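Student: As a plain string of letters, each chain reads:
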Amino acid sequence: MKKTVILLMTLILTVTLAACGKNNNESSNSPSENASNSPSESASDLSGSFLASGSSAMQKLVEQASGKFMDKNKGVSIQVQAGGSGTGLTQVSEGQSEIGNSDVFAEEKLDADKAAALVDHQVAVVSIAAVINPAVTVDNLTKQQLIDIFTGKVTNWKDVGGNDQKIQIVNRPSSSGTRATFEKFALGQKTEDLQGSIQEDSSGTVKKLVGETPGAIGYLALSYLDDSIKKVKYEGIEATEDTVADGTYPVWAYEHMYTKGEPKAEVKAFLDFMLSDEVQNGDVVELGYIPMSKMKVKRDVAGNVTK
Amino acid sequence: MKAKTADKIATSIIMAVAALIVLVLAGLLGYILFRGVGHISFHFLTSAPESIRKGGGIGPQLFNSIFLLVLTMIITIPIGLGAGIYMSEYAPMNRITNFIRLIVEVLSSVPSIIVGLFGLLVLVNLFGFGFSLFSGALALTVFNLPLMVRITEQGLKGVPREQKEASLALGLSKWKTITSVMLPIALPVVLTGTILAAGRVFGEAAALLFTAGMSSPRLDFTNWNPLSPFSPLNPFRPAETLAVHIWKINSEGLAPDAGQIAAGASAVLVITVLVFNFGARWLGRYMHRKFTAIK
Amino acid sequence: MSQSLDRQKAKPHLAEEWVGKIYTFLCILFLITTIFSIVYFVASKGLSTFIVNHVNVIDLLTGLKWLPDGEPALFGALPFIFGSFSTSILAACLAAPLGFCAAVFMVEISPKFGRKYLQPVIELLAGIPSVVYGFVGLSVIVPFFRDVFPGQGIGIAAGALVLSIMILPTITTIATDALAALPKGLKEGSYALGSTRWQTIYRIVLPTTLPALMTGIVLGIARAFGEALAVQMVIGNAPHIPRSLFESASTLTSAITLSMGNTAMGSLANNALWSLALILMLMTFVFVFIVRFLEGRSKL
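Residue numbers (full-length UniProt numbering), protein chains in the order written: chain C, 1 to 307; chain F, 1 to 295; chain H, 1 to 300.
What the hints contain is simulated information worked out from the structure, not anything from laboratory work. If you're wondering where the values come from, they're calculated on a predicted model, not measured in any experiment. The beta-carbon is built from N, C-alpha and C at its ideal position, and this holds for glycine as well. Warning: the hint list may mix true and false statements.
Derived list of chain C stretches under chain H, where covered just means 3 residues or more per stretch with a C-beta under 8 angstroms from a C-beta of chain H [as the list claims (entries may be wrong)]:
1. 83-90
2. 175-185
3. 195-202
Chain C extracted, bound-state conformation:
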């Protein structure tokens, strides 16, 4: 059913394109802020429609980049879907979508044989920082202090050098990629959900709750930070683009775009576009991610860091 529809779409698209390609260019006054339209007109011999589904955190990045890509390649339609990393990986693995966006390595969600069939394309790096309610007078937390807080050994801020205030944990659900990253690289261990801890899946809600609840602690990707919450240093190191890039700040993860096997031409072109300077230095930075080219260190599935 879907294949016929896609086939039909492609057919009609190619026909329309061939018939009124010129017309299209003239009448399209779509809001393309970048004036980079001129070189693209010749290069738009790609066509097709494909779906990129998965991580809701990555949706904005992929959506913005795909918008620019579609401006340049009028024959290509990219649909970006958010449904969570797990859904994205399932769909790409079962062939329902061409790209699966994920915050975590496929090996962490799928069975080994299914994950082996997928090709990893790392497009950006996301860094996660511990954040606290602005009223808490703590600027730095060590790894041990964080472990104590998230395992419930320490329940008052005065035990880690703050004011006398009960600690309120704002966590992610155990299935969350952000939580997996935070536990793996900041705590170095998995934690159980504590009695009374709050769990929210979305960064916006975490930010709101940490900002409003006295004594709250949570963790957020750098792109979500603003004045309503306070970023704390980890082992004395502040999470910035530079500290992540040279490997001194450890709490970061790749943003992955998985394909099943080697991608089709238009999918490949899009993935290349994701890694081009235009996206890497433009949208990636704008949305608070760290460009791949800036990274001086690399990390594999097992978490081993190499220079």
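Since the structure of chain C is provided, determine the placement of chains F and H on it from the hints.
Tutor: For chains F and H alone, coordinates are given in the frame of chain C:
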């Protein structure tokens, strides 16, 4: 004397509760509208959302909501009417009919999240419709159908027996009697109910998260070819409705004015639901007057 | 000759009749297929936790720990079940008296004002989308509870309050219908004997309409039980049985929405969520049967 005091106390408590309910609703509406209306403008209603810059709108979401509503109704109304007619006119009075009635009741109480999950499993993955308007419309059909059936049944039961029997006595077939005599009489009731059901579609989010999806592709509003993936009319594209958009902005919003957009979108949603409600009420009354010649 | 003419005339009628019959029958068949496939698919997914992954049913229903990726993985859904029941029953406890008072007001005390203002107001409450309720709950009720009561503001109390407003229309509408359907003679007899209005309501109206009122309450609970997004926004979602009404808790629906997208289909963690969905669905059926039972009683 004591009984009278008790009566007075009870009466005043009940009056107070009634006043409280009105106050709660007034507060609720006031809060939503007060926070949101200031943000509504022509630009807000027509432009595309922005992810990190200020000044995004809800244009595509509004369009998606309306389009999804139309799609859902195109599927729901014929099936719902048919099933309702069967239940009220054709179904024999026996155990099987009773069982069907039970099933309609069960279907109407299935939580929307279950319908959404079912849609994800069957429509999106198994049938391969993907996250699309079509999947969303089918999922919404599932929980609007029982309502539609009940409304149709109610409407047909309200038709005076004499009118039905007169038509049958004139030699019209049962089907003809139903479609050309009974349905027009039942129309006010059916129409009012349909509009109220439509209002429910507008506000639904949980089932759509898993079926219609949470993103809206770039739409080209000059392209009206329903088979083009850029066309707003293509039913096989993913679509984020207004209610889902509110949920998403609340949870993932990065734009600096996310709070205002959520408030504005909530206000638009509530206003639409109000319009549906009052519209249904007014239309029902109008048609009742027109058809029954009661002044 | 005349006979054949009759037959000719009758034929289109007959055909028409059959078209109608078959069409409506197909519609009802569609409905039946839908419900059965929902049950089948949710059940087959939900049961695979027990059949494929060999999780013990009793452990799932009574376990207190939910560690889908722990070593070993534990799936104790009791906190969710407890959360679902406590929020929805508490919501009904809040909404039932309000709904009953509103119904009495509309039917007994001031039908004119009630029908004109109170009824539309209550129907409007039913029309407000649940995401908007959640939004208002998170930005008004939660901060209010945080300031007034000890605790974080979110939790069962906040969830129940949001739900109680959402189910108020269901309870009120059914109660109003029941009160209005009461035979006039019953009340008039009571008034004639010199009873006050409250005595009549308390002694006559309430006992006779009780099964119908209960129906409304059960339907309200059923609706609250299945509500997802509004609750998830205000309840906190910790997979534990809370120690107070103002401590983070979870419901079946909030657990499902929270993790469904993050887990890969077919994995153990995902299957366990489908089991929660199955429990949710089965509970809905139980509610429907209770309503049926009560309706049967109220006809007597």
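Student: Hint by hint, work out which the structure violates, then give me just those numbers in ascending order.
Tutor: Hint check: nothing fails, all pass.
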